Amino acid sequence: MSKTEDNKTSNISEQNTAVPVIELKNIEKHFDSLYVIKNVSLKVNKGEVVVIIGPSGSGKSTLCRTINRLETIDSGEILIDGERIPEEGKDLARLRSEVGMVFQSFNLFAHMTILENIMLAPVDVLKMNKAQAKKEALELLKRVGVENQAEKYPAQLSGGQQQRVAIARSLAMHPKAILFDEPTSALDPEMIGEVLSVIRELAESGMTMLIVTHEMGFAKDVADRIIFMDDGNILADEKPEIFFAEQKNPRIQAFLSKVSKK
Amino acid sequence: MSITELLSQFGHEYFLGYLTTLQLTFFSFLGAFIIGTVMTVFRVSPIKPLRTFGNFYVQVFRNIPGAALLILLVYAIPYLSIVFSYYTCVLIATTLIPSAFLSEHLITGINTIDKGQIEAARSLGLTFSQIISKIVIPQAVRSTVLHMTNLLVATMLTTAIASQVPLNPLDLTGLVAHINTHATGGIMAFAISAILYCLTAVLIGQIGNKIDKKVRVLR
Amino acid sequence: MKNQQITILDVLYEEPGPKTRRKIFTFTILSSILVTLFVLLIIFRFYVTGQLSARYWRFFAKWTTWAFLLKGLLGTVRVALMAALITFSMGFLFMFGRVRGYKVVKFISSVLIEFTRGVPTLLFIYFFFFGMPLFGIKMSAFWKITIPVAVSASGAVAEVLRGGVNAVHKGQREAALSLGLTENRTFFKIVFPQAFKYVIPSLISELVIVLKDTTFAYVVSFNDLMQNSSVLISNYDALLSVYLVAAVIYILINYFLNKLSVALALKR
Chain A
1 MSKTEDNKTS
11 NISEQNTAVP
21 VIELKNIEKH
31 FDSLYVIKNV
41 SLKVNKGEVV
51 VIIGPSGSGK
61 STLCRTINRL
71 ETIDSGEILI
81 DGERIPEEGK
91 DLARLRSEVG
101 MVFQSFNLFA
111 HMTILENIML
121 APVDVLKMNK
131 AQAKKEALEL
141 LKRVGVENQA
151 EKYPAQLSGG
161 QQQRVAIARS
171 LAMHPKAILF
181 DEPTSALDPE
191 MIGEVLSVIR
201 ELAESGMTML
211 IVTHEMGFAK
221 DVADRIIFMD
231 DGNILADEKP
241 EIFFAEQKNP
251 RIQAFLSKVS
261 KK
Chain B
263 MSITELLSQF
273 GHEYFLGYLT
283 TLQLTFFSFL
293 GAFIIGTVMT
303 VFRVSPIKPL
313 RTFGNFYVQV
323 FRNIPGAALL
333 ILLVYAIPYL
343 SIVFSYYTCV
353 LIATTLIPSA
363 FLSEHLITGI
373 NTIDKGQIEA
383 ARSLGLTFSQ
393 IISKIVIPQA
403 VRSTVLHMTN
413 LLVATMLTTA
423 IASQVPLNPL
433 DLTGLVAHIN
443 THATGGIMAF
453 AISAILYCLT
463 AVLIGQIGNK
473 IDKKVRVLR
Chain C
482 MKNQQITILD
492 VLYEEPGPKT
502 RRKIFTFTIL
512 SSILVTLFVL
522 LIIFRFYVTG
532 QLSARYWRFF
542 AKWTTWAFLL
552 KGLLGTVRVA
562 LMAALITFSM
572 GFLFMFGRVR
582 GYKVVKFISS
592 VLIEFTRGVP
602 TLLFIYFFFF
612 GMPLFGIKMS
622 AFWKITIPVA
632 VSASGAVAEV
642 LRGGVNAVHK
652 GQREAALSLG
662 LTENRTFFKI
672 VFPQAFKYVI
682 PSLISELVIV
692 LKDTTFAYVV
702 SFNDLMQNSS
712 VLISNYDALL
722 SVYLVAAVIY
732 ILINYFLNKL
742 SVALALKR
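If you read the protein sequences in the order shown, they are chains A, B and C. What the first sequence shows, in the working numbering, is residues 1 to 262, in sequence order. What the second sequence shows, in the working numbering, is residues 263 to 481, in sequence order. What the third sequence shows, in the working numbering, is residues 482 to 749, in sequence order.
One chain only, chain A, in its complex shape (with noise of 0.2 Å):
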């Protein structure tokens, strides 16, 4: 859990150094007359993993797609490293690519072998020389540990190994952050372990990252803020020492209270 950046307060304070790699700014999103998200400003800086839980329904997982506008917003700002999210065309393809995301399903291509898939967009987004991309490629299959499955095909691979391979594959556009949605929602308990310590991993290299997750136990090892939405709104945006210890907020410690019965 070793964060080296030490300019943190304990409240939701701005850095004072650089700009956000993520930052929203008053968003809002409705679907006819139901909002799903009510007015949600958050930053994320370089080297942060913000962890997002809260209840079903509650728009996280939305909210987290609003980033790389696989949803869109009906006002707010989305910013990008201090550049606001283009709306369509060749530039919004480009900042996508800076920013990797982690799927509950997994989403592989299912006629490609694992080296395709973590091949394919480094190759034909970033323009990569295919003998580079695939050395690449290997070695973040390494790193992930599936390297023997690098000429499978996702369906002959478990849960845990495709949502790994997942992994690799947004690693592999050396994106500027990583999002996670419910990456372990969908898989069997005994894989969910090793999925948790990739993520882990990525967190102590240094990844940004924001994660939306049920696992608890997780969030309170990993995150450096937890950020708990219900209904469409923040209400807490904590460190997570403050965040499980000291909770004041009654609709949060009932959730918590609930979620530790499990």
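Hint data in this document are derived by calculation from the structure and do not stem from the laboratory. One should not assume that every hint holds.
Unchecked claim - Here are the simulated distance ranges between beta carbons:
#	chain 1	residue 1	chain 2	residue 2	range
1	A	ASN249	C	LEU511	55 to 61 Å
2	A	GLY217	B	PRO308	26 to 32 Å
3	C	TRP547	B	TYR337	20 to 26 Å
4	B	LEU269	C	ALA744	29 to 35 Å
5	C	ARG503	B	PHE288	39 to 45 Å
6	A	ALA245	C	PHE508	55 to 61 Å
7	C	ALA744	B	PRO308	24 to 30 Å
8	C	LEU551	B	LEU269	47 to 53 Å
9	A	GLU139	B	LYS475	30 to 36 Å
10	B	LYS310	C	LEU551	32 to 38 Å
11	B	LEU269	C	PHE588	23 to 29 Å
Stated by the list, open to error - Selected chain B positions facing chain C (Cβ under 8 Å, derived; list incomplete):
#	residue
12	LYS310
13	ILE333
14	VAL336
15	LEU419
16	SER455
17	CYS460
Predicted model, so just to flag it, every value in this text is computed and none were measured. Idealized CB from N, CA, C, for every residue including glycine.
The hints should help you fit chains B and C onto chain A, whose structure is shown.
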């Protein structure tokens, strides 16, 4: 007539008939593939008039009976001063009808793709055309091999409507009708044509199965 | 949580930005114009060749015209329903032979299935048309069209039913057997009813094929919709309009049958 009599008298015609059937099948399927693909592009595009047109086309030609379409082409549209040769009329009918089914199969194939993969590709920074060419089309095509095989067989069976117009050379079905009107072919006359159709269908099926096993996407 | 109603078409395109919206708008207008022009061209063709004149369409206002067409349609429906009954029975027998029979029965069933699937309906129709007199069998036109149509579809129906049987969870059969039911009882009371429910939509699709095949009834001179249309044509000397209307009737019937099939499939 016994089989030897039949073959000595009509053997050549059977050969030509088989070729005619195969030729019609081949060109119809080719045309159906091109038209069907274009219609699928229309039906999948974000432009509503194109979608409506494509859907209307498919609904008309998958629901119209082959005989009705052929009759319209041969007897009715000459009243609009549009006259095609008999062969062309048959070819049009045997192309348009399978094209509608082909489009349906392509859309089914596209739908087998997990929508999450599209989002994953998008989040990696692939452009729309890259997503279509690298993710959608390869998977859609691989999922439709069996359907396309069945459609090819169905196209061959549809070409039997060529028997309803005077063609030269006659197709396999028309030949049987011809033989029985001018002589007594008996069961053998049918059997030869039937076996030719059937064996071809089985052969196409086997090849299709082999291709499908090789390219099918594991899920 | 897969929402079955969302197809790939919903995710293929994302929320368009302003430039894309303008492009879509332009192309929408352009293609509307092109499609409208195409339709107008067709109507113009009708007009120029005089096919729009009243004498070709006036008689459709008369009830007798529709009554006559309806009689023809009734013939079509009679053939289709009887053929459906026969083809279902035959298809069931073939399927049963293939699924439950001993090796020889299995082989024969498979051969019959491949044969009926691989031969065009018209060839079967000609066989009955020319063949029945040859064997000295007197058969009415009704049967001369109904039986070959039924035979032609039986192989496909057999395969549809077989697919349904294979789709039934094998645990169903195992549970029934372990309760003491015989293989036959298990099949007829447990497995097949479920299989049938699964494949109703596909069976309706086969019905559409059967209906389309009935249009060859003129080969055996049976009075179906097409035949009655011909009578109307010689009566009023209006070929294009009558055949067009007949074609539209077939298209509409099949269209609604297909819609029914899809609706039943979605209900699952």
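Now for the hints, and whether the structure bears them out:
At about 56 Å, the beta-carbon gap between ASN249/A and LEU511/C stays in the expected band of 55 to 61 Å. At roughly 45 Å, the beta-carbon separation of GLY217/A and PRO308/B lies outside the given 26 to 32 Å, and the hint is violated. Between TRP547/C and TYR337/B the C-beta distance comes to about 22 Å, which sits within the given range of 20 to 26 Å. For LEU269/B and ALA744/C, the hinted distance range of 29 to 35 Å is not satisfied, since their beta carbons lie about 52 Å from each other.
A C-beta distance of roughly 44 Å is found between ARG503/C and PHE288/B, which places it inside the suggested range of 39 to 45 Å. A C-beta distance of roughly 59 Å is found between ALA245/A and PHE508/C, which places it inside the suggested range of 55 to 61 Å. For the hinted restraint 24 to 30 Å between ALA744/C and PRO308/B, the CB-CB distance of approximately 27 Å keeps it satisfied. Taking the beta carbon of each, LEU551/C and LEU269/B are about 48 Å apart, inside 47 to 53 Å as hinted.
For the pair GLU139/A and LYS475/B, the supplied restraint of 30 to 36 Å holds, since their beta-carbon distance comes to about 34 Å. With their beta carbons about 36 Å apart, LYS310/B and LEU551/C fall inside the hinted range of 32 to 38 Å. LEU269/B and PHE588/C have their C-beta atoms about 28 Å apart, which keeps the hinted 23 to 29 Å range intact. For LYS310/B, the interface hint holds, the least distance from its beta-carbon to any beta-carbon of chain C being 6 Å, beneath 8 Å.
Hint status for ILE333/B: holds, given a least beta-carbon distance of 6 Å to chain C, under 8 Å. Because the beta carbon of VAL336/B sits about 10 Å from the nearest beta carbon in chain C, more than 8 Å, this interface hint is broken. A least Cβ separation of about 4 Å between LEU419/B and chain C falls short of the 8 Å threshold, and the interface hint therefore holds. Hint status for SER455/B: holds, given a least beta-carbon distance of 6 Å to chain C, under 8 Å.
The beta carbon of CYS460/B comes within 4 Å of a beta carbon in chain C, closer than 8 Å, and the hint placing it at the interface holds.
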